[in-house]
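> Sequence:
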Amino acid sequence: MIEMTSSFTQKYDCLNVRPLTADEGGGYLVEFPDLPGCMSDGETVAEALANAADAQATWLAAMREAGRPIPAKDGSTANARKIELAKQRRHEVR
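Under the numbering used here, the sequence shown has 238 at position 66, and the numbering climbs by one with no breaks.
Derived DEER-like restraints, expressed as beta-carbon distance ranges: (1) Ala-238 - Gly-198: 31 to 37 Å; (2) Thr-193 - Arg-236: 32 to 38 Å; (3) Ala-234 - Asn-188: 19 to 25 Å; (4) Asp-195 - Gly-239: 35 to 41 Å.
None of these hints come from the bench; they were simulated from the model. Because the structure is a prediction, the values reported are computed rather than measured. Ideal Cβ positions, reconstructed from N, Cα and C, are used throughout, including at glycine.
Please build the complete structure, drawing on both the sequences and the hints.
Okay, here's the thing in structure tokens:
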């Protein structure tokens with residue numbers, strides 16, 4: 173596991189990078205354990221990490237657009253859903 177501190181991982185700073193086997197096409201795979209299904213790959217670790225920035229941003233945008241809760245850093249959605257509802261209520265009151 174690699175701990176990242178770059179801007180694209182401000183909220184979700186934990187990701188996994190692993191080499192892909194020849195049967196999997198080679199290169200490297202990046203997965204965000206806190207974001208189910210969010211992953212990317214690349215020929216090199218650097219390329220995989222760069223692609224992961226796009227994957228994370230796209231995943232988060234898709235979840236927001238669909239009105240689905242964003243998991244908390246620990247993988248739970250309960251607190252994240254409460255926060256989203258509070259934001260909606262605050263916006264409705266204005």
